[in-house]
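Asks: Given next are the chains, with one letter for each unit.
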Amino acid sequence: MADAAITVEGARKNYGGRGGKSGTSGKGGKGDKGSKGGKQALDGLDLTVARGTVHGMLGPNGAGKTTLVRVLSTLLRPDAGRIEVAGHDVVREPYAVRLRIGLLGQHAALDEELGGRQNLELFGRLYHLGARRARARADELLERFDLTDTGRRPVRAYSGGMRRRLDLAASLITEPEVLFLDEPTTGLDPRGRAEVWASVRSLVGGGTTVLLTTQYLEEADQLADRISVVDAGRVIAEGTAGDLKARIGGDRIDVVLRDAGQLAAAGALLPLNGVSVDTDRRLLSAPVTDRMTALAGVVRALEESGIEAEDIALRRPTLDEVFLHLTERDDRDDRGDRDDRDDRDDRTEEAA
Amino acid sequence: MSMSMATNTHALTDSWTMTRRELARWGRQPVQVVVNLVFPVMLLLMFGYLMGGGRGVSGEYRDYLVPGMLALTMAFGLEGTMIAVTQDLDKGVIDRFRSMPMASGAVLVGRAAADMLQSVLVVAVLVGVGSALGWRAHGGFPAFLGAVGLLLLFRFAMLWIGIHLALVAGKPEMVQAVQILVWPVGFLSNALAAPESMPGWLGTLVEWNPMSHTATAVRDLFGSPGAEPGHVWAAVLWPVALLAVFFPLAVRRFAKLSR
Ligand SMILES: Nc1ncnc2c1ncn2[C@@H]1O[C@H](COP(=O)(O)OP(=O)(O)OP(=O)(O)O)[C@@H](O)[C@H]1O
Ligand SMILES: [Mg+2]
Numbered sequence: 000m001a002d003a004a005i006t007v008e009g010a011r012k013n014y015g016g017r018g019g020k021s022g023t024s025g026k027g028g029k030g031d032k033g034s035k036g037g038k039q040a041l042d043g044l045d046l047t048v049a050r051g052t053v054h055g056m057l058g059p060n061g062a063g064k065t066t067l068v069r070v071l072s073t074l075l076r077p078d079a080g081r082i083e084v085a086g087h088d089v090v091r092e093p094y095a096v097r098l099r100i101g102l103l104g105q106h107a108a109l110d111e112e113l114g115g116r117q118n119l120e121l122f123g124r125l126y127h128l129g130a131r132r133a134r135a136r137a138d139e140l141l142e143r144f145d146l147t148d149t150g151r152r153p154v155r156a157y158s159g160g161m162r163r164r165l166d167l168a169a170s171l172i173t174e175p176e177v178l179f180l181d182e183p184t185t186g187l188d189p190r191g192r193a194e195v196w197a198s199v200r201s202l203v204g205g206g207t208t209v210l211l212t213t214q215y216l217e218e219a220d221q222l223a224d225r226i227s228v229v230d231a232g233r234v235i236a237e238g239t240a241g242d243l244k245a246r247i248g249g250d251r252i253d254v255v256l257r258d259a260g261q262l263a264a265a266g267a268l269l270p271l272n273g274v275s276v277d278t279d280r281r282l283l284s285a286p287v288t289d290r291m292t293a294l295a296g297v298v299r300a301l302e303e304s305g306i307e308a309e310d311i312a313l314r315r316p317t318l319d320e321v322f323l324h325l326t327e328r329d330d331r332d333d334r335g336d337r338d339d340r341d342d343r344d345d346r347t348e349e350a351a
Numbered sequence: 000m001s002m003s004m005a006t007n008t009h010a011l012t013d014s015w016t017m018t019r020r021e022l023a024r025w026g027r028q029p030v031q032v033v034v035n036l037v038f039p040v041m042l043l044l045m046f047g048y049l050m051g052g053g054r055g056v057s058g059e060y061r062d063y064l065v066p067g068m069l070a071l072t073m074a075f076g077l078e079g080t081m082i083a084v085t086q087d088l089d090k091g092v093i094d095r096f097r098s099m100p101m102a103s104g105a106v107l108v109g110r111a112a113a114d115m116l117q118s119v120l121v122v123a124v125l126v127g128v129g130s131a132l133g134w135r136a137h138g139g140f141p142a143f144l145g146a147v148g149l150l151l152l153f154r155f156a157m158l159w160i161g162i163h164l165a166l167v168a169g170k171p172e173m174v175q176a177v178q179i180l181v182w183p184v185g186f187l188s189n190a191l192a193a194p195e196s197m198p199g200w201l202g203t204l205v206e207w208n209p210m211s212h213t214a215t216a217v218r219d220l221f222g223s224p225g226a227e228p229g230h231v232w233a234a235v236l237w238p239v240a241l242l243a244v245f246f247p248l249a250v251r252r253f254a255k256l257s258r
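Protein sequences, first through last, are from chains A and B. For the first sequence, the positions run 0 to 351 when numbering that gives the first Met the number 0 is used. For the second sequence, the positions run 0 to 258 when numbering that gives the first Met the number 0 is used.
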């Protein structure tokens, strides 16, 4: 596909099992016994990302996001599936893929003893820029990421935000065609987050394709053209942020009352549908379609009834709510059976 | 294949770049570098003077001890290699290298080059301190170079064992477990005392220790006491045999990080 920067069809990865595809089939693998066939980190994952777009992979801990990024960046060999990045197969042409990608892993991948400039120069040389261009590029990136002053200090002494920015700078040395960002803002303060977001936006202006994983719906919403929701190694929903929000009912309103005793009364009285009640937090929560109408309606209803509210807030659904919603619709009763069947499929693919 | 071709053209440059990286790290941690050089000297002084050792050794003990300490230091180098590799793995920087269009073997070559360079320095320092204490090599210059060559060959074998063990263990915490093994193997040798002074089975074990062959051969080439002729071959063959096993194992392990 000419206009796809990333194509993934039926990607599978099981850490426990029959790792590489060396001849000895399923039996000999060390991990096999302990993990009983292991858990499918990628369980038939499909994905297409168009060139020049930002694609968000949204999923909880253990969903398989990092595994996917590692497979796409040639660090990890998939058990099965057709996987192409920038037009090249990750298994058969890893070198061609590496020429065209940048990687920001979930954890910093830097030499902690060296300074920021030394790190960037080292990577620049390993990208074969040559000594002079490597140095110039390092200076450029330090400036761009506001690290010039700290370029000499060892990375060990950097704050989390600085380290992340340096790591991002390192992944941009060659202005890659495709950039992988694995939870780029996890652990950053709001300012650090905003900086990373701004960098990502400016990259996309330059035509880079970005695959971004995150646990935050808001981040995907802010940055991504399209979003895939991943769970248990497969994509369970895909679309624009708008599509997904429409599926999960958009924003929510939270009303915290002063008196928990009035929760039931308020629930009946407020002009809202699908209200859920959390007694411990004295909280009523409901999906809303039109934010302002809902807010005005709630305020008016509370005033008229004399029920006192401590807090009223409009907010985006949390990832939890997205998941609950999406997984409720998914009929997953046959889950166990399906896993067994997948294992069998794997074996036949290998034998073929 | 285009991949291996592209990789080959860069193999040398990348190896050099990775070696420079290690040197730059030395520049960043001068204290560490000095400590690593001083430690064997401390051991030498300790065993030579404090312990007044040398059970079963005829002649000047320091003439026996200096070659032994050289061999022992080469063996302990295994730890340093292992620590460095596990740290790289732990910090994820190897992941970045592996995601880049570089000759991936350069990561190991850089490690090897830096560790060998460090070993040359340690040998120089120990020889220097030994000389200051009155120790002399009596075998002539070519024999001296031959002895240094045997020491470095032994270190080179230890290096690849270290890389392999690090890749198997993966975590820095595991290094301690290996240390617990390296030290007895190091001391269960003829580095500090003559095997004849030990109980029968232990003496046999010690004579079998590859490190003992290196120490004996080095003593032979230095013309030191405790020298027995005829160990040079064993001091060549043992490391070569170890390399024949552990070099391919380490390289395969490294390639299999993507497993
Ligand atoms: N090296 C490994 N060995 C064995 N199992 C692993 C390994 N790495 C990940 N897994 C397992 O694979 C599954 C997917 O993990 P992965 O790290 O890809 O998830 P993730 O979506 O990135 O999670 P997080 O949000 O916590 O980073 C999990 O069940 C995890 O326990
Ligand atoms: Mg992850």
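It is possible that part of the hints are untrue.
What the hints assert, rightly or not - Under 8 Å between C-beta atoms, here's a sample of chain A residues computed to sit facing chain B:
| id | residue |
| --- | --- |
| 1 | LEU75 |
| 2 | TYR94 |
| 3 | ALA107 |
| 4 | GLU112 |
| 5 | LEU113 |
| 6 | LEU125 |
| 7 | HIS127 |
| 8 | GLN261 |
| 9 | LEU325 |
To be clear, the hints were calculated from the coordinates, so they are not data collected in a lab. We treat Cβ as the ideally placed atom computed from N, Cα and C, and that holds for glycine.
Asks: Now, for every hint given, state plainly whether the structure supports it.
Replies: Tested hints:
| no. | hint | verdict |
| --- | --- | --- |
| 1 | LEU75 | holds (5 Å) |
| 2 | TYR94 | holds (4 Å) |
| 3 | ALA107 | holds (6 Å) |
| 4 | GLU112 | holds (5 Å) |
| 5 | LEU113 | holds (6 Å) |
| 6 | LEU125 | holds (4 Å) |
| 7 | HIS127 | holds (6 Å) |
| 8 | GLN261 | violated (53 Å) |
| 9 | LEU325 | violated (31 Å) |
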